[in-house]
Amino acid sequence: MPLGWDEPVDLERDPAPVPDPAEVEVPDALRASISAAMQRYPERRSAVLPALAAAQKVHGWCSPEAIHQVAAVMQVTPAYLSSVATFYDMLRTEPLGERYVYVCTSVACHLLNARAVYEAIAEEARDQELEGVEVRNFECLGACDMAPMASIDGRYVGPLSEDDAHELVAALKEGREVLPGRGLPDEGFELPWAQHGPQSPIPTHEGPQSPIPEGEAP
Amino acid sequence: MSELKNLTANYDEPNLHTMEVYERLGGYRSARKAVLDMPQEEVLSQLEASGLRGRGGAGFSMAKKAGFMPEGTMEKYLCCNADESEPGAFKDRVLMQRNPHQLIEGCIIGAIAAGATRAFIFIRGEYETQAKILDAAVIEAYEKGYLGVGIFGSQTVLELVVHRGQGAYICGEESALLDGLEGNRGNPRLKPPFPANQGLYQGPTLINNVETLCNAPAIIEHGPEWFAAMGVDKSTGTKMVSVSGNVQRPGNFEVELGIPVREIIYGLAGGPPEGRDLKCFFPGGSSAPVLTKEHLDLPFTYEAMAEAGSMLGTASIIVVDDSQPIVPLALNLAGFYRHESCGKCVPCREGTVWTVRMLERIDEGDATPMDLEIMAEVQTNIIGNCLCVLGDSMAMPIGSMIKHFRQEFEEHIEAARAARDREHIPAFSAGELAAAVEAGPA
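Protein chains in written order, with the working numbering: chain A, 74 to 291; chain B, 662 to 1103.
Derived by calculation from the structure, the hints in this document are not laboratory data. Remember, predicted model here, so these are calculated numbers, not experimental data. Please note: incorrect hints may appear among the correct ones.
Non-contacting residues of chain B with respect to chain A, defined by C-beta distances greater than 12 Å in every case (computed) [unchecked claim]:
#1 R685
#2 R693
#3 M699
#4 P731
#5 I979
#6 E1069
Subject to a maximum C-alpha distance of 25 Å in a straight line, what follows is the list of computed SDA-like cross-link-like pairs (lysine to any residue) [as the list claims (entries may be wrong)]:
#7 A:K130 to B:V822
#8 A:K246 to B:G864
#9 B:K1005 to A:D162
#10 B:K852 to A:S156
#11 B:K793 to A:A89
#12 B:K666 to B:E732
#13 B:K666 to A:G261
#14 B:K793 to A:Q148
#15 A:K130 to B:T1029
#16 B:K805 to B:Q701
#17 B:K852 to A:R118
#18 A:K130 to B:N676
#19 B:K666 to B:V893
#20 B:K895 to B:E882
#21 B:K666 to B:S722
#22 A:K130 to B:M735
#23 B:K805 to B:Y672
#24 B:K793 to A:P253
#25 B:K666 to A:W266
#26 B:K852 to B:G864
#27 B:K666 to A:L264
#28 B:K793 to A:P88
#29 B:K793 to A:L203
#30 B:K805 to A:A109
#31 B:K666 to A:A105
#32 B:K793 to A:R249
#33 B:K793 to A:R104
#34 B:K694 to B:S663
#35 B:K1005 to A:E207
#36 B:K793 to A:P151
#37 B:K793 to A:Y153
#38 B:K793 to A:R118
#39 B:K793 to A:A105
#40 B:K793 to A:E138
Glycine residues also receive a C-beta, built at the ideal position from the N, C-alpha and C atoms.
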């Protein structure tokens, strides 16, 4: 269960104050990246999402320590930052791994067997004892043309089948590129149906014709 | 009729995403013209005359929306909604990946129309590849002096920031997007006040979809008449259509509005796989009520889809073939909205959870046909009762599925009950039964 909604609150304890920047040690690169983000917006609070994402890159998740560091640089309360971190799916509130595999299981992928693909990948990850990688099903990733698909640290691969699960997990485990040539930004990447020949004839309507509203026919 | 390439005209050009190639093909001419030679009113009136409607789902006139921005010297903002998260939609991904400068040029023209001096592109965090491409393009535009202070050598100021979301469907809703941009949880706001009056940092804000803004440069270049000549009636111009699901060639196609739906599904996308037939389709992303075979010959326009009881929405057609049972589809759909409900309004937060539970009961054999009535009633209690339309976006397609496929739902209920009963009630053979009766109560 993620931290946040379901955590009992200690009502006796005072809320954590805004940390004193002088007392909190923050890695230099992280501090620089948060400060730069704050300068890009008219209001520094707008930098919360980029700042948490940067801290997550350093710590692997939005740990209490990571939140404390961001709070010190941004001068906001840790509670405010955890409220934001628990809302967004890409911000981890548990140490699940520094890399991720999001397998899309929303409608378009669902129609093309995504659930089985996800379960196969999750099972392979258990069998091969994959560590440091968050494997989860995810809501629509916006790549329904390559369904069923998954995002591996932001690189979209697809279309996938259950047979790809073993190689996908093995490549992640060995630090190799996952399914080379089958990722969205890959050189020469093409969907399998891109080279289909002439288009098939359009079947005409069988059964009663529905009327096209008058004046709107093209 | 087939594809009509306008937004995607130069997509075969290698390295289109670089400033050099984009400018060689006439890029940034429109933005230069809008900044240097056109007063704000003229930009607005050209957009108005083109009839360009918002491509993000609601289909509201872009010029009218920009016209709502108040006059005065306060800081105004332009936000480009690139948080494309609607299941079935993947057009903005391609537009940004292939031609990022087109969007930046659109943002410049949009900012002129809105009188904005700061622009933001709110891109979903999952689009890491596209965000990097946009980042690089923005840097190029700053170096050229097309963004920043005194753009194109004028007095105009325009700062542009690419802001990454972190995975929340609700941030595609315009007021939740503003909250995400301000560094908060993405919760929709009460409207009115509308963002045009009180949006980002409480200032007037114009929010437009990626595709809407991408259309602006060509309208300024070729004139509004050219744009309005495409399409039909009040659905002018071309539209990116994303086709996915059970079709042979899923992908993005740019078509003239008004093309028959059949041409898109069967002609461009190849129709359902060999040997299967179309069962239903979502014409505008997963939020749009499903339509069936009888609607295939309707023209693909905002009006015709609305008249058929659905909507054009993001123009993302998800095709479902006859091998797909309806209950797991409904369950998947409801599960998506349950996950993505931000939890602010009770009807949506509770309604999505209850719908999922009732669908699970149907699937597990614990439901009766009466549950369909209750489920339909839950949907009517969600619609129109929340700050945003996320709840409606589940309620409408689920309601339409019950309407079109009630018989299948009922059969599923019966079959699941029978299966459950077989599991839980041990079957006796006739002989065993007779023996049990003979023995009397134990």
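task = Take the C-alpha atoms of K805 (chain B) and Q701 (chain B), compute the straight-line distance between them, and say whether it is at most 25 Å.
result = Satisfied, since the Cα-Cα distance of roughly 23 Å is no more than 25 Å.
message = Please verify whether K805 (chain B) and Y672 (chain B) have alpha carbons no more than 25 Å apart.
response = holds, 23 Å
Hinted pair K895 (chain B) and E882 (chain B), Cα distance within 25 Å = Judged against 25 Å, a Cα distance of about 21 Å means the pair holds.
ask   = Is the straight-line distance between the alpha-carbon of K852 (chain B) and that of R118 (chain A) 25 Å or less?
value = Distance ~23 Å between K852 (chain B) and R118 (chain A) Cα, so the pair holds.
message = Between the alpha carbons of K793 (chain B) and A89 (chain A), is the straight-line distance 25 Å or under?
response = Not OK: K793 (chain B) and A89 (chain A) at ~36 Å, beyond 25 Å, violated.
message = Hint check: K694 (chain B) vs S663 (chain B), CA-CA at most 25 Å. Holds or violated?
response = violated, 32 Å
query = Are the Cα positions of K666 (chain B) and E732 (chain B) separated by 25 Å at most?
reply = Not OK: K666 (chain B) and E732 (chain B) at ~36 Å, beyond 25 Å, violated.
key: P731 (chain B) and chain A, when compared Cβ to Cβ, separated by more than 12 Å   = holds, 18 Å
request  = Quickly compare the C-alpha distance for K793 (chain B) and E138 (chain A) to 25 Å and report which way the hint goes.
outcome  = violated, 28 Å
key: 25 Å Cα cutoff - pair K246 (chain A), G864 (chain B)   = Violated, at about 49 Å.
ask   = Taking C-beta pairs only, is R685 (chain B) more than 12 Å away from all of chain A?
value = holds, 23 Å
message = Run the distance test for K793 (chain B) versus P88 (chain A): straight-line Cα separation, threshold 25 Å.
response = violated, 38 Å
In this structure, the earlier hints numbered 5, 8, 11, 12, 14, 15, 18, 22, 28, 29, 31, 34, 35, 36, 37, 40 are contradicted, and the remaining ones agree with it.
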